[in-house]
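In case you want the letters, here they are:
2 protein chains.
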Amino acid sequence: MLQQRKPITVGDAVQRVMEYAFQEKKELVSLLQAHGRFLAEDIAADHDVPAFDRSPYDGYAIRSVDSQGAASENPVTFTIVGEIGAGYVFEEEVCNREAVRIMTGAPIPKGCDVVVMLELTHTFEENNQMYMSIKRTFEAGTNISYKGEDVQKGTILIEKGQYINPGVVALLATFGVDQVPVFRKPIVGVIATGSELLDPSDSLQPGKIRNSNAYMIMAQIERAGATVKYFGKFSDDINLCIDVVKKALEEVDILITTGGVSVGDYDYLPAIYEAIDAKVLFNKVAMRPGSVTTVAARNGQLLFGLSGNPSACYVGFELFTRPIIRKAFGNKQPHLRREQAVLGADFKKANPFTRFVRGIASYEDGQLVAVPSGFDKSSAVSSLAGANAFIVLPGGSRGYEKGMQVAVLLLEDLQGSEWPWDNIKKSYK
Amino acid sequence: MLQQRKPITVGDAVQRVMEYAFQEKKELVSLLQAHGRFLAEDIAADHDVPAFDRSPYDGYAIRSVDSQGAASENPVTFTIVGEIGAGYVFEEEVCNREAVRIMTGAPIPKGCDVVVMLELTHTFEENNQMYMSIKRTFEAGTNISYKGEDVQKGTILIEKGQYINPGVVALLATFGVDQVPVFRKPIVGVIATGSELLDPSDSLQPGKIRNSNAYMIMAQIERAGATVKYFGKFSDDINLCIDVVKKALEEVDILITTGGVSVGDYDYLPAIYEAIDAKVLFNKVAMRPGSVTTVAARNGQLLFGLSGNPSACYVGFELFTRPIIRKAFGNKQPHLRREQAVLGADFKKANPFTRFVRGIASYEDGQLVAVPSGFDKSSAVSSLAGANAFIVLPGGSRGYEKGMQVAVLLLEDLQGSEWPWDNIKKSYK
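Protein sequence lines correspond, in order, to chains A and B.
Numbered per this note's numbering, the first sequence spans residues 132 to 560.
Numbered per this note's numbering, the second sequence spans residues 132 to 560.
Don't take each hint at face value.
For identical chains, the list gives no copy identity; a pair is met inside one copy or between any two copies.
[Claimed, not checked] Derived DSS-like pairs: lysine-lysine, alpha-carbon spacing no greater than 30 Å straight-line:
#1 Lys278 - Lys364
#2 Lys284 - Lys364
#3 Lys364 - Lys533
#4 Lys508 - Lys241
#5 Lys508 - Lys291
#6 Lys377 - Lys479
#7 Lys157 - Lys241
#8 Lys266 - Lys137
#9 Lys410 - Lys360
#10 Lys241 - Lys291
#11 Lys360 - Lys157
#12 Lys533 - Lys156
#13 Lys480 - Lys278
#14 Lys137 - Lys480
#15 Lys479 - Lys137
#16 Lys266 - Lys360
#17 Lys378 - Lys157
#18 Lys378 - Lys156
#19 Lys137 - Lys410
#20 Lys377 - Lys508
#21 Lys480 - Lys378
#22 Lys480 - Lys533
#23 Lys508 - Lys278
Derived by calculation from the structure, the hints in this document are not laboratory data.
With the hints as constraints, model all of the structure from the sequences given.
Dropping the structure here:
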């Protein structure tokens, strides 16, 4: 009955999972819906920005040569020959001592090479003609935003796989991408297991707990950018469970179960994996919490068997499932972002397994410092709410002390890491 | 025609806006919809977690006293008197040399004070009775998760105004909050101004540009957590504009216009504010980009007149509008999170106004370093896509050099700051 499980390292486990990474299909969404999605194509500039020499200010467009000799005691006067608002083009060429009233964003009229800000001019009328005078000289190019100075036509501005933030939206709008190619969101199914689980709306009963894992995981799936499909709770009948899993696999891209992966008699997952011919990639990882995390694959589809303990479940998702979701978006840094931090508390007890302590990473004068966010057991739920990082304490024969350099994995970060695992080992050997 | 505008400091401007801060009404959403919202009530633990002494592992529950004397050469044998899965209660009291097979999460039977992990036991059968033997002693309390060790009943776990992340969702589920009180999302209206604006789906035309600001701002509104209502582009007829603004104000909590706040002849906003009896809180801020940012109020409702330049528009939203949205969620740190960083590039040219350079904040060995994300003009659109921070360079008579300590405001952060402005001044005076 009791199988001996052989633990593998976290890096190895992640690598085995990543062999099943896949890329989602493209779909088009309107620009208004694109924020928060991931681009499915490189976006190149289809024109220069600005597309024409334009005025960054309100003022008067003139020829620099005409300003020569202007001074406080020697104002130079220009005839105002027209006015040009943003969106309009002044068609004639501007000549000697002529000025055109120009608004922010309007194209520079032919002949002009300076915009004098409105504040530096004096306007007056004589015989039904408007004039403008200035009291200083201007160099050619003053206050001109040149064609292409921001972006040159053909530049690849945003690469496939990039997260669409508000700045990216601005670029997409600028280049006329009103139907945005994004990666479809993978559908991640969730099934909860455990006879002890009550729904959040149920009253407490002796020996039972409310099902927090399924709801937590669904929020984690959303945070990672995927779509959730909830299949509720497993029945106690293993044959029914097998049917539910088979059916769920037809409706989702990835399937997560919470609980049922320990070595207990009621832990059905190993039997289910066997029954549906899924290949178990690993069923023991040298990590705390979450050492029983199990991942299996069937016809290329991943089944994540996360622990039933809240903290272990949370960690298992972020380490193993999140990168598969991000990779489906063509993202080149699908893993949690790894950074170095100063440890803000002692962890003197050595542990043979690598620990992922739920922590708070904050800054002290710009230096990242990480402290545990609360009660640190795999069953803990309270430490998750405040956590924005995992503190990575590699397994070994010694503990860790306040002030030591440690790796942290940031949870609420959009950037990610390409591969945080090798380095973790390296840093500590 | 040309009014002289008096610039005020950014801190003063933000303060004037924050006097109009308001708190949204509460609404209930299902737990599945709660991720990403802000809690509208403190959440206290309605029971201990764990709610009962429970087993963190699969194994056997025994009395520690019965393990005394057990050793490799002297195994101690227990009679297995029952088995208990998670969710069930073992009703009898466990006596001398009795053991109960126990699963992860199950309540500890009366009398027991140790759980021996399955791996450390040996089971066998004799005369139709199952037995279990161990080869070492265990201290009382070994492998027991005690009632209340994670959370004690009555503890306030999550405060009103807190962002609901996956860990918070887990807590809400644990405490049976299946209908979650959250703050309603404020509705933020957006109107674009400018005769030069084309829709993103339009072909380019001489002198015109595509409307990137409105789409960018809508994504920024979403990122801040509010709901967008887009009213399209202003007409060229000021009377029609006035009607649109009046009508929009009836449908939204906050109204944003982009463009039309400069001193140009076609900049309608000042006239509109006057026509609708809105009080202008300021129309010039000592900042770059975005010095023309104008904010007005009418019957307690805020009208944000953001610049028509993309970078200026972006900065104006994040500094002035975002905190109003976050404050509507009862959030205590509604402003962009301010941290200290090492400047990664020279900015030698002094500027009398405080500059907000669009930048990338990254870590070098855990130390925050900020470099500009690209072309730095108020009209730039390319530098926004890569930016995750503003580098704050206070105005004055000197420039800044690589390696200096500067303040940064983080754009993609969930934590925020209570009031980043006083310190900025202090740090540099």
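Hint-by-hint comparison with the structure:
no.: 1; hint: Lys278 - Lys364; result: between (61 Å within a copy, 25 Å between copies)
no.: 2; hint: Lys284 - Lys364; result: between (54 Å within a copy, 27 Å between copies)
no.: 3; hint: Lys364 - Lys533; result: neither (42 Å within a copy, 57 Å between copies)
no.: 4; hint: Lys508 - Lys241; result: between (73 Å within a copy, 23 Å between copies)
no.: 5; hint: Lys508 - Lys291; result: between (40 Å within a copy, 26 Å between copies)
no.: 6; hint: Lys377 - Lys479; result: neither (46 Å within a copy, 65 Å between copies)
no.: 7; hint: Lys157 - Lys241; result: neither (45 Å within a copy, 58 Å between copies)
no.: 8; hint: Lys266 - Lys137; result: between (84 Å within a copy, 23 Å between copies)
no.: 9; hint: Lys410 - Lys360; result: within (23 Å within a copy, 50 Å between copies)
no.: 10; hint: Lys241 - Lys291; result: neither (39 Å within a copy, 60 Å between copies)
no.: 11; hint: Lys360 - Lys157; result: both (20 Å within a copy, 28 Å between copies)
no.: 12; hint: Lys533 - Lys156; result: neither (47 Å within a copy, 44 Å between copies)
no.: 13; hint: Lys480 - Lys278; result: between (63 Å within a copy, 24 Å between copies)
no.: 14; hint: Lys137 - Lys480; result: within (23 Å within a copy, 62 Å between copies)
no.: 15; hint: Lys479 - Lys137; result: within (26 Å within a copy, 60 Å between copies)
no.: 16; hint: Lys266 - Lys360; result: neither (70 Å within a copy, 47 Å between copies)
no.: 17; hint: Lys378 - Lys157; result: within (25 Å within a copy, 39 Å between copies)
no.: 18; hint: Lys378 - Lys156; result: within (22 Å within a copy, 42 Å between copies)
no.: 19; hint: Lys137 - Lys410; result: within (16 Å within a copy, 71 Å between copies)
no.: 20; hint: Lys377 - Lys508; result: neither (33 Å within a copy, 57 Å between copies)
no.: 21; hint: Lys480 - Lys378; result: neither (45 Å within a copy, 65 Å between copies)
no.: 22; hint: Lys480 - Lys533; result: within (13 Å within a copy, 42 Å between copies)
no.: 23; hint: Lys508 - Lys278; result: between (60 Å within a copy, 14 Å between copies)
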